[in-house]
Amino acid sequence: MLVWSSSGRAWAWGVLLACFFLIYGVPLAIIALASVAGEWNSVLPEKFTFLHYRHAFSGEASAQLRASIATGAIASLVALVAGTWSALALRTIARVPRRVLDMLFFVPSAVPSVSVGLGLLVAFSRPPVLLNGTTAIVIIAHLVLISAFTYGNVSAGLSRLPADVEQIAESLGATPAYRLRRITLPLLAPYLVAAFSLSFAMSMGELGATVMVYPPGWVTLPVGIFALTDRGAVFDGAALTVVLAATTLLVLFGLSRMPSRAVAR
Amino acid sequence: MSATAAVRSGAGPRLGGLWVLPPLLLLAALFFYPLALIAGQSLVGDDGAVSLAGYGAVLTGPLFANALWHTIEIAVGATAGCLVLGFVMALLLTFVPIPGGRLIARLIDTFIALPTFLVALAFTFIYGSAGLLNMAAMGATGLSTPPIDFLYSVWGVILAEVTVYTPFIMRPLLASFSLIETAQIEVASSLGAGPWRIIRQVIFPAALPALLAGGSLCLLLTVNEFGVVFFIGAKGVITLPLLIYSKAIEESDYSTACVIAMVNVVLSLSLYALYRTLVARLGGDRAGVV
Numbered sequence: 001m002l003v004w005s006s007s008g009r010a011w012a013w014g015v016l017l018a019c020f021f022l023i024y025g026v027p028l029a030i031i032a033l034a035s036v037a038g039e040w041n042s043v044l045p046e047k048f049t050f051l052h053y054r055h056a057f058s059g060e061a062s063a064q065l066r067a068s069i070a071t072g073a074i075a076s077l078v079a080l081v082a083g084t085w086s087a088l089a090l091r092t093i094a095r096v097p098r099r100v101l102d103m104l105f106f107v108p109s110a111v112p113s114v115s116v117g118l119g120l121l122v123a124f125s126r127p128p129v130l131l132n133g134t135t136a137i138v139i140i141a142h143l144v145l146i147s148a149f150t151y152g153n154v155s156a157g158l159s160r161l162p163a164d165v166e167q168i169a170e171s172l173g174a175t176p177a178y179r180l181r182r183i184t185l186p187l188l189a190p191y192l193v194a195a196f197s198l199s200f201a202m203s204m205g206e207l208g209a210t211v212m213v214y215p216p217g218w219v220t221l222p223v224g225i226f227a228l229t230d231r232g233a234v235f236d237g238a239a240l241t242v243v244l245a246a247t248t249l250l251v252l253f254g255l256s257r258m259p260s261r262a263v264a265r
Numbered sequence: 001m002s003a004t005a006a007v008r009s010g011a012g013p014r015l016g017g018l019w020v021l022p023p024l025l026l027l028a029a030l031f032f033y034p035l036a037l038i039a040g041q042s043l044v045g046d047d048g049a050v051s052l053a054g055y056g057a058v059l060t061g062p063l064f065a066n067a068l069w070h071t072i073e074i075a076v077g078a079t080a081g082c083l084v085l086g087f088v089m090a091l092l093l094t095f096v097p098i099p100g101g102r103l104i105a106r107l108i109d110t111f112i113a114l115p116t117f118l119v120a121l122a123f124t125f126i127y128g129s130a131g132l133l134n135m136a137a138m139g140a141t142g143l144s145t146p147p148i149d150f151l152y153s154v155w156g157v158i159l160a161e162v163t164v165y166t167p168f169i170m171r172p173l174l175a176s177f178s179l180i181e182t183a184q185i186e187v188a189s190s191l192g193a194g195p196w197r198i199i200r201q202v203i204f205p206a207a208l209p210a211l212l213a214g215g216s217l218c219l220l221l222t223v224n225e226f227g228v229v230f231f232i233g234a235k236g237v238i239t240l241p242l243l244i245y246s247k248a249i250e251e252s253d254y255s256t257a258c259v260i261a262m263v264n265v266v267l268s269l270s271l272y273a274l275y276r277t278l279v280a281r282l283g284g285d286r287a288g289v290v
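Top line first, the protein sequences correspond to chains A and B. Counted the way the numbering used here counts, the first sequence spans residues 1 to 265. Counted the way the numbering used here counts, the second sequence spans residues 1 to 290.
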């Protein structure tokens, strides 16, 4: 307790709540309000409608939602397998090369997403592999961008596992494969779920790399939302943003409840 | 850290290292190879000869200088804003506990999961030329042009990015604040130290590692930010990522885009190196930064 007087405390709480509502409450509220606005010519909307949500769940927009979810799920799953694989493999490597490799796996998180997109565009518009204009290049872009975060989460989890459990299993004669399947991976499960959630959320909101590489047939939600607001359909854009945020949070909360109580933190 | 070293594969510790090859090859093919091609293309002129001429032409142009300046201006401004706001909010949440404070902290933390452009879109509804505030101001004063236009300047982008990235400062700060012994503060307080003195002499020094680490991460993220700037769409506010996009996609000028991308990548990697060094040096306790 830093402030003892009740007037001082009331003042501090006032500052905190004002910051919280002005900075985080108002933007969310205004997006929600815009998503149901029918006519908005003065300070607040005069008419309300659910038409924008009907647009959000039909035709073009619903295809974009499906594309986003599919991209997020596939990219996150591949990133999870690759990240877990690298984190586990790195444990068997000596200290110095391990630190170098660790750095390499983290580097994609530092490179701007637009440059990742540009690189893929340059690399896969020429032989030997032509991927420009395919769905695959979008998924690859997301995979590259989220891979470092997945790897980071899994290896952080790995370093927090109790070391003795695995050693005991080994001393009891468990083969490495058995140990991995029955000891390490189950212990790691909460971190795997957290890693998947984080990368799925990042993929759902990804814009910089997607906008560089997406083909007309695989438009993700953020790109679709930009196109809508760019041509003035701002309320449709707001409704689609609400759908995007709600889907992301739904998946996050759904996953955080999945495996027992072990998830924690 | 010690746990990772302790577990050595029983089956061939020498060959065990080969297991790292598949994910490493994947990363090389999908990330380092494209990055190398960007570097290659940035060095090749229109005539196909290798030269630094591309760099000379692009780096001395006004477009590039302008974008670089905006990028740095926005990143430094937004990071400073995030540090101040994050420190104040984390401080109040921890040391002047409010009922429901944990919920507030959780809600702010969830903001990290939302797309960054959400804030930019919300800002156009609030501060935009046809936004809530301008409507109110025009209704009250009878003006025919919107009086509030900061959203389409550097300040609009900075304010939006402060909103987006403050949670990234608060996360490590809340973790490091929770390590401060409350007894320490109560003793200081009972010895007559006022709240400002306690903040200055007890809390701030303890929070410094988290502030430095969070701040450098924030710099990196704001230098790389695309969605916020793209959505606000101010004609005069072009950053490096935006310039790369417009050169490559709108003008199909890949050589120029690659030169700018190289500069951007080098800038980002330097900031990333700074961040990792700070975390390694200061965060013996890792200060909550994963």
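Just so you know, not all the hints are guaranteed correct.
To be verified - Where chain B lies over chain A, by a calculated footprint (3+ residues, C-beta under 8 Å):
| no. | stretch |
| --- | --- |
| 1 | 52-66 |
| 2 | 73-86 |
| 3 | 106-114 |
| 4 | 130-140 |
| 5 | 143-156 |
Because the hints were derived from the structure by calculation, they are not lab data. Yeah, the Cβ is synthetic: ideal placement off N, Cα and C, and Gly gets one too.
Against the structure, the hints:
For the stretch 52-66 of chain A, the stated coverage by chain B is violated: 0 residues have a C-beta nearer than 8 Å to a C-beta of that chain, whereas at least 3 were required. Judged by the Cβ-Cβ criterion of 8 Å, the stretch 73-86 of chain A is covered by chain B as claimed, because 4 of its residues qualify and three suffice. Residues of the stretch 106-114 of chain A with a Cβ under 8 Å from some Cβ of chain B number 9, which satisfies the need for three, so the listed coverage holds. Coverage of a stretch by a chain is defined here by at least three residues with a beta carbon nearer than 8 Å to that chain's beta carbons; for the stretch 130-140 of chain A and chain B the count is 1, and the condition is violated.
Counting residues of the stretch 143-156 of chain A whose beta carbon lies closer than 8 Å to any beta carbon of chain B gives 7, which meets the minimum of three for the stated coverage.
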